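Those sequence lines, one after another, are chains R and G.
Counting in our numbering, the first sequence runs from 104 upward without gaps.
Counting in our numbering, the second sequence runs from 104 upward without gaps.
Each hint can be trusted.
Only pairs whose alpha carbons sit at most 25 Å apart, straight line, appear in this in silico SDA-like list of lysine to any residue:
1. G:Lys188 <-> R:Met430
2. G:Lys188 <-> R:Glu412
3. R:Lys188 <-> G:Pro414
4. G:Lys188 <-> R:Arg417
5. R:Lys188 <-> G:Ala401
6. G:Lys188 <-> R:Ala401
7. R:Lys188 <-> R:His148
8. R:Lys280 <-> R:Leu314
9. R:Lys188 <-> G:His148
10. R:Lys188 <-> G:Met430
11. G:Lys188 <-> R:Ala431
12. G:Lys188 <-> R:Asp152
Source of the hints: derived by calculation from the structure; they are not laboratory data.
The structure displayed is predicted, hence computed values, not measured ones.
Spelled out, the chains give:
Protein chains: 2
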Amino acid sequence: MFTFEITATSGRARAGLVTTDHGAFETPAFMPVGTGGAVKALTAHQLHDLGVQIILSNTYHLALRPGRELLSRVGGLHGLSGWAKPILTDSGGYQVLSLATRRRIHDHGVTFASHLDGSPLEFTPESVLEIQRAIAADIVMPLDVCPSFSDSETEIERATHLTHRWAEAARAEWERKPRADAGHAQTLFGIVQGGYTEAGRQASARFIAGLDFPGWAIGGLVTAEPRKDTWRLLDAVTEVLPTSGPRYLMGVGTPADLVRAASLGVDMFDCVLPTRNARNGTVFTRSGPMHIRNAQFADDLSPIDPECECPTCRSHSRAYIRHLLAMAEITGLVLATQHSVYFYLDLMARLRRSIREGTLSTWAGEFLRRYEESPAATLERKEVTA
Amino acid sequence: MFTFEITATSGRARAGLVTTDHGAFETPAFMPVGTGGAVKALTAHQLHDLGVQIILSNTYHLALRPGRELLSRVGGLHGLSGWAKPILTDSGGYQVLSLATRRRIHDHGVTFASHLDGSPLEFTPESVLEIQRAIAADIVMPLDVCPSFSDSETEIERATHLTHRWAEAARAEWERKPRADAGHAQTLFGIVQGGYTEAGRQASARFIAGLDFPGWAIGGLVTAEPRKDTWRLLDAVTEVLPTSGPRYLMGVGTPADLVRAASLGVDMFDCVLPTRNARNGTVFTRSGPMHIRNAQFADDLSPIDPECECPTCRSHSRAYIRHLLAMAEITGLVLATQHSVYFYLDLMARLRRSIREGTLSTWAGEFLRRYEESPAATLERKEVTA
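Excised from the complex, chain R in its bound form (with noise of 0.2 Å):
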């Protein structure tokens, strides 16, 4: 079972709920990633005391190591993993990009050298959701063609060209088999391109909604464009979608940013920057991101965010995290990352909280003011969009 209900609105925003065959998750949702199998430097249980609701993996990586075969013998990643709330793949299609000097793109998919050892992996419409079928993800993504920014417009015809092709076949090939291996229902989203024009995104926003699926993943923004463009593709994306399914944007992004384009329309989010950059000693804070890691925090025993309830902020200092990660200790690794990871699940519910409300717009206002003037984020901003 797939469900999508709109509990609120305000603006263009939305609250809804997401309901699956594991569980149901609030929208908008923050999606921890755990690509091999687990959110990095945290435990299933961990995850549920956070109010975790739904983690993302990635086919690509799960399809090297364990591999689709044992997945599916194990009932799949919930099986793996003993996580029993919802799960989302992707398709691979970020690794398109990501590892553009170890894969070749051909009409019918692409053909990776794994990351690992060399050998050839082939990603087609089909076998990526045959891979996701014994991963047994309750919400799955089609391959997909994620241009660069720096792509010429040839380039990025043949992305939206073979992304809307593959969304085709993916369709037809979900239709077909809409189960997991594991046995329960699958939703297949579709994922919008169309590089970074208003209308070459409205065309491909407009294609993939005449395609008929239960939900919208939003892909190649808040990469390498200026933000500031970034929010009138996005507006015009929004524009377009239908408003009856979820809207997911791909890999995003920064606090700042889950809060512009929830106020566009989106609903779901993942991004590795809580546990990526918590490992690498920056936390977020309500006023900007902090690098723990700074001297200043030396003997500094207030918590990270003095506002946030989480458990590392509950019972430990700055001071100690300091001392953890200097000392290249895993338990700072699993605190900072905690915090983070709540920091901004706490950010979706404040989120959903005034759109419920219909504060949003004051509530977005003073949020951004308060995150955006601390030094730390004027410099996250610079080497995003650098």
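Guided by the hints, dock chain G onto chain R, whose structure is given.
The following block gives chain G in isolation, referenced to the frame of chain R:
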């Protein structure tokens, strides 16, 4: 405050309760090792959930980072880490052995060249207590010289002689100031050395017992000496030590070692085996150590130890832990560590119960038979005693 109450005995074994200013812990007790101020891979919250009642930390490592001055300023390791229960610190004496190439022993102490940057670090009987006052552990250790099994008789005699002289100096320095910088009471144990003969061991135990410490540590055992000699030597020591205070066998050991030593009247243990081995892929079970990365566990959906009730075994399979360790996922280190620490704590609980119920020798015999008949345990014994 420091009290030790024996609540039950069985032969020479005792079940008891140690009370400190940071609360009580039951004996026989296992102290997980938090070298750098955290038990590697676990949070204080997880330690609490696993039932950990006391942790051990290392004076040498904390003296280097974050350093005495900072620790004193933030309320010691309790203040820095958020761990509110008892802490025991070693004295740096073990590093006299493990960092043998980086130190010089002289009559008044030990000079280390820091393993981080080579800078000199002077440890004297007085200075290690000063550092431990800054760390603010509840139970502290005097500086000792831990000889190696391969040392000559002359070297062992000198190590014992220095250990005894430094014990007197430490005893006087502790009496001068028996409180941590953070204000609470600190308790100093004496350390028994004496080499690898029963006569040497008993002479050292008698000398240290004569100095009127509230508890006694036993160093230098379960190192490179043949394991059959270990129990004979330990038996000689516990025969001589007063029964009025807790006996702590430093740095020991395997589950089987703990059962044997507790049967001979040891009350406290610390060891890196459950944490370090877990990170290397060996976890403990009632049927002996298990090399969880072995291919045979790739699709094994049973828990590490079917009789274990730890959070890892309640929710996760061998196949998942194996997959995560193969992917070098931090979460795998957390889950494996969590299991093995729980295994050790549960073993202590079963030991205490069997002492209280008067069934120690039956229970210990059954435990050892089952634990040691596994092929992996045989391998472990060979490795340890090689």
